[in-house]
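Chains as they are written, first to last, in this note's numbering: chain A, -11 to 90; chain Z, 79 to 333.
Derived by calculation from the structure, the hints in this document are not laboratory data.
One-sided excerpt, in silico: chain Z residues whose CB lies under 8 Å from chain A:
id, residue
1, Ser217
2, His219
3, Gly225
4, Val226
5, Met227
6, Leu230
7, Leu248
8, Arg297
9, Phe298
10, His301
C-beta: ideal position from N, C-alpha, C; glycine also.
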Amino acid sequence: MRLDRLASLVRSKNAGPFQLTFDIMFIEADVYERVKSSKVLNASLIARLYDCALDSVQFFECDNALAFKATIPRRRVQGEFGDPDLHGGQQHVPLMAVEIPD
Amino acid sequence: MYEATAVAGTFRIPFWVVPSAPTCVTSQSPNVFWYLSKPAVTAYLFREASGTLDLQQAMFEAATDSSVRVSGARFHPASAYDVKLEGAELAGYATVMIGGIRDPFIIGRLDWWLGKMEEYFEHSVRAILGLNPADYQFSLHTYGRDGVMGELEPERNSAVHEIGVVFEVLAADQRTATEIAKLARQPLLHLPVPEWKGAVTTIAYLHNPPQIERGPVYRFNMHHVVTPRTEEEMFRIESVEIGSRVAAPAVARTA
Chain A
-11 MRLDRLASLV RSKNAGPFQL TFDIMFIEAD VYERVKSSKV LNASLIARLY
39 DCALDSVQFF ECDNALAFKA TIPRRRVQGE FGDPDLHGGQ QHVPLMAVEI
89 PD
Chain Z
79 MYEATAVAGT FRIPFWVVPS APTCVTSQSP NVFWYLSKPA VTAYLFREAS
129 GTLDLQQAMF EAATDSSVRV SGARFHPASA YDVKLEGAEL AGYATVMIGG
179 IRDPFIIGRL DWWLGKMEEY FEHSVRAILG LNPADYQFSL HTYGRDGVMG
229 ELEPERNSAV HEIGVVFEVL AADQRTATEI AKLARQPLLH LPVPEWKGAV
279 TTIAYLHNPP QIERGPVYRF NMHHVVTPRT EEEMFRIESV EIGSRVAAPA
329 VARTA
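Chain A on its own, in the form it takes in the complex:
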């Protein structure tokens, strides 16, 4: 099933002017556990979807928050000439389609 059908929230946002962060949150613990145990969400996935070096990805599994969090360097510093997303809030869409096996 697609991640956006399972998660209560998938979002992206600037984390300061140099980094972009993603939050993937859940309401039900069993759904979170299902996604976590699928091992689909990890630093390599983020590196692949967002075309960045694996060692530049910070990835967190926050069991007590029923959430995953990933942070990557911004391709352009916030507000730099040509930066297409000032607040970084529309960069989460590739994560929505991530398929989690049943």
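Based on these hints, arrange chain Z on the given structure of chain A.
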């Protein structure tokens, strides 16, 4: 939304303290809020200038339907006093033009067509203004295709029937930026399309004239933590004596 960032070394690590909307506090009891509301659930230590913010024992509790009480956060002062520096600098002056492309023949070969347009444009700027590509920057955002995600867009080849175009140029001064933009105006408007035999108008500009002067544009240029020898070293202190019968001159002191 309550979000915060904290300095860790010389870069930032984000964290969140409540869900996306305050109403989630009570209306979605199983939401992350409650899981964060337990003590020591998420061990986060954030290195700030001059100390560490310790959220390991922080409690996040619903105070009302729309507010959150945060308690138990601690700050551990560092042994050294340090100062965070953030700075920005003038990058130049920008001029933009907004328009739309609807012709499917152009959309069908948009990369090719824009490539030709850029070639023509850069040649004109060199020939007429004597400026090389190193003297200015320009960007073409193509909304409807990859305007939001740029190079990261996984669906840039999806079928679309309309493209929003934002052309932007950055130059050393406003007049130059606008002069350069004017040289992009014509090729965006009339660059030939092979499928059509004869003169065509290829973009629907939103404004007349299409160029809009955006003014000065800035960019981040500094993001550091400095450990000075003394707390005063980095700051200029001026003391003025007030109340004496004869006005004392201002004394400037640099530590």
